[in-house]
Amino acid sequence: AFESRLVGSTLEEAGLRALEDAYIVHIRRDGRLIPASPDVLLQAGDALTVSGKISMLYQLLQREGLRPPHQAVEETEERLPVFEAVVAESAAFVGKTLKEVNFRERYGGVVLAIQRQDERLEGPLGRIPIKAGDLLIVEAREGFDDRWNANRSVFYLVAPRRAPRPEPTPRKAPLALTILAAMIVAFATGVIPLVTAAFVAALLMLASGAITVSDARESIDVPVLIVIASALGLGSALEATGVAASVAHGIVSVTAAGGLFYVLLGLYVVTNILTELITNNAAAALMVPIALAAAAELGVAPIAFAVIVAIAASASFISPIGYQTNLMVMGPGGYRFIDYFKVGLPVALLVMATTVAVVFMVWIV
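Residue numbers (the working numbering): 0 to 364.
These aren't lab readings, by the way, just hints derived from the structure by calculation. Note that the coordinates shown come from a computational prediction; the quantities given were computed from them, not determined experimentally. Do not take every clue at face value.
What follows is a set of in silico ranges between Cβ atoms, one per label pair, in the way DEER data are often shown [to be verified]:
(1) A197 x G298: 36 to 44 Å
(2) T240 x P34: 38 to 46 Å
(3) I33 x A131: 31 to 39 Å
(4) P34 x V199: 51 to 59 Å
(5) R31 x A206: 17 to 25 Å
Within a straight-line C-alpha distance of at most 27 Å, the following computed BS3-like cross-link-like pairs (lysine-lysine) qualify [what the hints assert, rightly or not]:
(6) K341 x K130
(7) K95 x K130
(8) K130 x K98
A virtual CB, placed ideally from N, CA and C, is assigned to each residue, including glycine.
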């Protein structure tokens, strides 16, 4: 049996803490993972997980008391999740190395890799000064993302690292393109409705093996679909009860006293508020009839009011509800409702000012 002279020594005493181009990520013992703290005592059979240059790994294996593992890690043994963390500009360790700030103990995770501007940094990670915007690949316990997403002064964003997507199957590409083209032609020529065409195309994709059932299931974001359906239902209720029309008519009537510019501005604001509450499609459906009626009453080109509604309904920046893509990235990105408001409000104001000014000069003046 293999007997190591390192048994009973701490990592520090064994000289395994201050390695040149590598570091101990953790220790695997009896199927469990143990943090590689300096004072942990080594036991016979411990498996050390090492990250670093291949040359340094070879040097470690030459040391007395260490040998390569005789078997791979079993599926039943404990595995720690891996997270992606984007360093915030206000983080205390910006400009410092991981070793200087004792990242493992202070932040509760082990950095496996550092990516900077689409480039993976090489060399001993513990000696690389961290910059704001760096993407850290961190191995940590469950809850690491919840803990640090609540404190944006350290990381802008922490999200679980997803498993790599399976390799594409190019031989299925012509078939997938053919199904897509057939769907578009069937809908464009009016043979069948879009919903039916899309449903049939999806079934053909599954039947032909262009996509697996598990991949198809994972691609359906059920919470997003529920929110969108609920929002459309809310929009129908507001329209049916006359609440939305009454509010919109009242605001347009008030702004009419200030001139056409303020009517356009009021129409934009009402539409934009609605789109943040009930999605862009529902907001446009509610506001277009009101906008056209207002244009006819004022004797101006209806296209001006239609353009205002179209852009205002699409310019959803201050909430995740108004536009489907906003909602789709909310979960994977770890964003909060307040994040959309803080970043989106200035953009929304800029788009509003530009749109109203351009429409007024092109179609009204």
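Hint by hint, here is what the structure shows:
Between A197 and G298 the beta carbons are some 42 Å apart, a value that agrees with the proposed interval 36 to 44 Å. A hinted range of 38 to 46 Å for the beta carbons of T240 and P34 is inconsistent with their spacing of about 59 Å. Roughly 32 Å separates the CB atoms of I33 and A131, a value that falls within the hinted 31 to 39 Å. About 54 Å separates the C-beta atoms of P34 and V199, a value consistent with the hinted range of 51 to 59 Å.
Distance hint check for R31 and A206: the Cβ-Cβ separation is about 45 Å, which falls outside the suggested range of 17 to 25 Å. The hinted pair formed by K341 and K130 meets the criterion: a straight-line CA distance of about 24 Å does not exceed 27 Å. Between K95 and K130, the direct Cα distance comes to roughly 8 Å. Compliance with the 27 Å bound is thereby established for this hinted pair. As the CA atoms of K130 and K98 are separated by approximately 14 Å, the hinted pair is consistent with the 27 Å bound.
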